[in-house]
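Colleague: If you're matching them up, the sequences are chains A and Y in order.
0 is the number of the first residue of the first sequence in numbering that gives the first Met the number 0; add one for each residue after it.
0 is the number of the first residue of the second sequence in numbering that gives the first Met the number 0; add one for each residue after it.
No lab work stands behind these hints, which were simulated from the structure alone.
One thing to keep in mind: the hints can contain errors.
Stated by the list, open to error - For the chain A half of the interface with chain Y, some residues (derived, Cβ under 8 Å), not all of them: (1) Leu7; (2) Leu9; (3) Ala11; (4) Val18; (5) Leu21; (6) Val24; (7) Pro28; (8) Ile33; (9) Gln37; (10) Val75; (11) Val157; (12) Ala161; (13) Arg219; (14) Phe223.
As the structure is a prediction and not an experimental result, all values here were calculated from the model.
Glycine included, every Cβ here is placed at the ideal spot set by N, Cα and C.
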Amino acid sequence: MTLDWWGLGLQAINVLILVWLLSRVFWRPVAGAISGRQKAALAMLDDAKAAQAKADAALAEVEEAKAGIAADRETVLADAKATAEKDAKTAMAAAQAKTDALVAAARADIDRNRETARKDTAKKAVGLSVEIAAKLLGRFNTPGVQAAFRTNLIVAIVGMSASDRATLTTVAVDIDIVTATDPETAERTEIERTINEALGGTPCLRFVTDPDLIAGLELRSAHFVLHNSWRADLQTILNEVENAG
Amino acid sequence: MNSPLDATVLVQIGPVAITQAIATTWVIMAILVIGAFALTRRLALRPTRPQAALELIVTTLDTQITETTGAAPAPYRAFIGTLFVFILVANWSSLLPGVAPPTAQLETDASLAVLVFLSVIWFGVRAGGLGGWLKSFAAPNPVMIPLNILQSLTRVFSMFVRLFGNVMSGVFVIGIVASLAGLLVPIPLMALDLLTGLVQAYIFAVLAMVFITSAVEDGTAQTDDPTPSLTEKEP
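Turn these sequences into a full structure, and let the hints guide you.
Modeller: Here's what the structure looks like:
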């Protein structure tokens, strides 16, 4: 067995060339591709980490902004609530005052209306009473009653001052003798005589019939009235009642 | 049947005999280079299935180198990877009818062993300098210098003898069986030869890596630390 040194050297050169060629066309390109992919993956990871950090920062900002918004919201709500409560209290107070005023005004109106109604009712009642009394007294217009009124008239004339009586007798003015019913002649004569005696003169007397007197005897002139009748008495009572109420 | 130890000379150019093994080596070189160029011509960031397969091969080789040396695989990748691929393809070329594997010839295996021997020196000197590499022969003491020199020669010699013996014997046995039993009988032996070719390629590449690593570590240890540390591993 011999060893071909030329062949050995040639094969060594062949293998060296093969190592060099494969290093150029195979090992380096494939290793470069692997390295490139690893670098790309690392770059993507770095980008992803950067993006994640950015997203985390943005999320933190959003959370902070959200917290700020929540705080502002709470503040605004608290302010709005306080303002609303204050406005509500003010409005409630104003409404209460207005209501109290309205109630007071209504009560005053009610009291006034009630008083007015009471007065009207009392007035109507008094008027009705006076009317009833007038009708009742109209049934008692007897000669005795007439005589009593005639006596009362004479007493009233006598009670007047002398100057007043003289004025009535001297002034040329007709004096009406008002009666409720038309008296008979004799009675008229008697009335004229007693009046003249009481006055102390002879004035110009004239008989006038006024059924409104109910019963009584009055003297009337242009400037003088001497009331002496139930009508006058009832009117006096009516006035006193109204003044009292 | 010719002796497997005899080389078939195709062309004689002066003192240089172009044997069938050399021609087969050229064909294998052409196939490997052209195939590698075709496969790596369009590498993309998003790999295709062929590119993924290539990257798997390279990644596996890098892993093996890293596990063996503990260093970055880039300086050794081209030499170790090419040794493995060439020996594997050369071993498996025996499956083609009429093709004798170049690794069944002494010259081819011896040239591979010489390249490993030179690469051990190259990487050792590059790692620890010429002085560091020379000092590594004196570890653990100068008495060991003859033994270390003898070891560096014999281990390379054992590499090429192992590869030559296994491949040549496989070819020889298959040739004998084929000549005696017919065409289909050697098929199981050929399948076994496939496994043998793969294992021998792997062993040769790993041994080369181990020897280089040992030289690098010894040279570095002689440079950094006077305490010798021999971590030579052999499967």
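Colleague: Go through the numbered hints given earlier and state which of them the structure violates, listing their numbers in rising order.
Modeller: 9, 10, 11, 12, 13, 14
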